[in-house]
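Visitor: Letter by letter, the chains look like this.
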Amino acid sequence: MIDLIPYFLNGLIVGSIYGLITIGLSFIFGILKVINVAHGSFVMLGAYIAYFFFVLWAYPPLVSIFAGLAIGALAGFALYHAVIRPLRKAGEMHILVALFALGSLMAELARIAWGPNVVGFTWNIGSISVSGYVVQLSQLLGAIAALIIALALQLILYRTSFGRAVRAVVQDPVGAQIVGINVERVFAISTAMGIALTTAGGVLLTLFIPVGINPYMGDPYTLMAFVIAVMGGLESTMGAYVAGLIFGEILSLGYPLFRALGFAAPYQMSLFVGFVILVLFLLFRPSGLFRI
Amino acid sequence: MKPHVPIAIYLSLVALSLAKPELSQTVATVAFYMALGQAVNIFVGLTGYVNFGYAAFIAMGAYGLGVVIAYFPQLGTWTLPVGLLLGVALAGGLALAVGAVALRLRSAYFAIATIGINEALKDLIVGAGIWGGSSGLVLGYNMFQEYGRDFALFLSTTGSTVLILATGLMAVAATYLLQSREIGYALAAIRQDEDAAKVMGINPAKYKLIAFVLSSAFSALLGSAAFPLAATQVFPDTVFKVDYILDGLAVMFLGGAGTVTGAVIGGLLYVPIRLLLGQFLPAYQALVTPLLVLAVVLAAPRGIIGELRARVSPKIREWIP
Amino acid sequence: MKLLKVENVVKKFGGLAALQGVSLEIDKGEFVAIVGPNGSGKTTLLNVINGVYKPDSGRVLFEGRDITKLPAYARAKMGISRAFQVPRPFPDMTVLDNVVVGALFNGGLDLQRAKEVAREALEYVGLGRKADELAGRLTFNELRLLELARALAGRPKLLLLDEVMAGLNPGEIDNMTKLIRRVVEEKDIAALSLVEHRMKAVVQLAHRVVVMHQGKVIAEGPPDVALNDPMVVEIYLGKPWR
Ligand SMILES: Nc1ncnc2c1ncn2[C@@H]1O[C@H](COP(=O)(O)OP(=O)(O)OP(=O)(O)O)[C@@H](O)[C@H]1O
Ligand SMILES: [Mg+2]
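Protein chains in written order, with the numbering used here: chain L, 1 to 292; chain G, 1001 to 1321; chain X, 2001 to 2242.
Worth flagging that the hints you see were computed from the coordinates, not collected in a lab. Watch out, some of these pointers could steer you wrong.
The list that follows gives simulated cross-link-like pairs (lysine-lysine, DSS-like), each with its CA atoms no further than 25 Å apart [unchecked claim]:
| # | chain 1 | residue 1 | chain 2 | residue 2 |
| --- | --- | --- | --- | --- |
| 1 | X | 2216 | G | 1002 |
| 2 | G | 1315 | X | 2077 |
| 3 | X | 2130 | G | 1206 |
According to the in silico footprint, chain G covers these stretches of chain L (three or more CB under 8 Å from chain G) [said to hold, decoys possible]:
| # | stretch |
| --- | --- |
| 4 | 93–105 |
| 5 | 218–230 |
Ideal Cβ positions, reconstructed from N, Cα and C, are used throughout, including at glycine.
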């Protein structure tokens, strides 16, 4: 019998990162109704930020996460003003296509700037042992940081005037405009925040992929974030985080399962299961797990 | 509407590839992108929905023919028609299944689902080791056995070029027919205001599904022609390449989304543009396609034919549908 | 058997009950006006009748058949046409093609017939000379006429008109009201027209008036009776009708 507990612990920890990676997607969709198909490329950007801060200045991801948030926010502003706003009138197809092209462009630019090779780093600060099960301290801290960021977003949404403005815009954009909320500004800031969360997720992801940073690493995370977002209700940020935990478990527990079943590439199989879950949700519960 | 111009362009390319077999490779490349753009146009251009999973449908065509050649050598020459049909059936069936699930929902969900199928199918084939798994299908030997040396060589050169051209021509005809019939009105209405269309008696899911399945079937034929037939091999990493959707979108948007002639003109221009820029800036060639798509979408979302149609007299407009 | 029967329909948006148990009947050859202030639930009621929204409870019957669960397009095919409060043309199509869409799918005609019927409908509302223009280029008032033409070309049994006269001048309102009443009587169909309460011209030409307030029907009857109902008078700031 395989001992599943280490896989379960790992699923919870990595799931927290998946949750953070997805929150930005759900946040932007919830407010702008735009599904960011360039999502994975911003995860990639975050991963490179962590990489360069680590190898150039020896800053660990828990520090470069702030750089990830800042650079992500700038990128998000640029994204909103250069792509989303000019295309809002043209329609959803144009926005989706432009975002998709942008994602590909970012990957190609990364390849030109940083080379096509897979790079990585390890930040080792030891491990702790919970009743015999070993957990990497860096990963545990990363998971906790992701949880803190997710909770901070809830605080912003429910305790600040900006949060109130956001919720008003989500409820009724026209009405919000009428009562004097600057809807354009809410859209721009929300895009910036959503992308910042995504790059921050990419920063923390590097704690789990010691040799996996490359220009094209984003694609599987786009899909993964989509699956998680749909599970979480697509518009709900907390739903996305919780669904991230669940998805972390599916991937993590799926691995030993598919290996035991003798599949050629168990990791790919668990990713495929992710897609099956997506289809099942679209079929039976498009509103996600938590909508009552 | 008069479809003479695009049809004439296709027919001259057919003539060119038959008369000058040495040009077959070049014609095939240009025609592949023309046809891909047209296939993309039938769904994306006509419905306004975006399918990011074209590679999956191209792959279904590639695997359909590849699998029959690899695993049913006893069929001999019949592997060709049977394999093509299987590819179309796989792609059509996949489109039917995905469309039935995801086309009922908001377009964001559809985009999500189509990004998913590409990755997911590749994961399934590699992960479960289906159809050769990550090592793919190598078909040269079987093709010699099944078709004989000379016919196999003909098929992988002129044969695949003609199949690509025929696919493009059928896609043009399909676009034209769709546009000039009832379904064309339905699709145009859906594209412009789906909720209003529904209130007017149009079942959007039905018409989107028709366009989706057609568009996928054409993509499958291209996949059959380009991989098992022309390259005599099918590898998951090459057939599931996400690039194809961006290529298709570039061709369609450059020429003009939702028009009959657009993808033809777009395809004729796209390959030379890429070649030229690639020659001068070889290191930056990979930037060309995404930049082109971004530039066209942002600056001239109607594309060449769309802009032309908006400017010329109704009489000339008839000629550039 | 009544053409349309709405039974006890409740529709909530979050905490807000836009319709709190509305019942309504309408028969062939009737021109009914639904009157009510902003936000009283008029548009929501139309949306429940033609299937844009599913009610939380209650039923909608059309020609005796329960259509509560049918999608909007199926109801359109059964003979329900709708003109929107804010015109929703297909802007990149010609005016004629817009109407052809109505005739084809709402009216169930073949393409040939649909084009003829569409032309007739455009002439009928006085938009014939604009047939070949792009709908996106029309003025607001022309768009209202286009909405009406498109709905008529669907050869409806039930015509749902959502404040199609808002923003028109009194002369235009008068013309349009007469037009609608003529359609109802000539083609023996039913029309349900939503109006702001101030539109006397409309209300007076209606066969029957239904007054809505805060998601409920508060009065119903011939124009004079319904609008002089004490509750209605009270709600409109104590201003008596006329
Ligand atoms: N899709 C929706 N989501 C949330 N609330 C809605 C929605 N549609 C309508 N409402 C609310 O339901 C109530 C009734 O709206 P409705 O549009 O039916 O009123 P109306 O009588 O047509 O008024 P108007 O004169 O503004 O057209 C309003 O409070 C409105 O804000
Ligand atoms: Mg209204």
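Visitor: If a hint holds in the structure, say so; if it doesn't, say that too.
Guide: Verification of the supplied hints:
1. X:2216 - G:1002: Cα-Cα ~56 Å, so violated.
2. G:1315 - X:2077: With a Cα-Cα distance of about 35 Å, the restraint between residue 1315 (chain G) and residue 2077 (chain X) is violated, given a limit of 25 Å.
3. X:2130 - G:1206: Answer violated: residue 2130 (chain X) to residue 1206 (chain G) is near 32 Å, above 25 Å.
4. 93–105: Since three or more residues must qualify, the claim that chain G covers the stretch 93–105 of chain L holds, with 10 doing so at under 8 Å.
5. 218–230: It holds: at least three residues are needed, and the stretch 218–230 of chain L offers 8 whose Cβ sits within less than 8 Å of chain G.
The structure is inconsistent with the numbered hints 1, 2, 3, although it conforms to all the rest.
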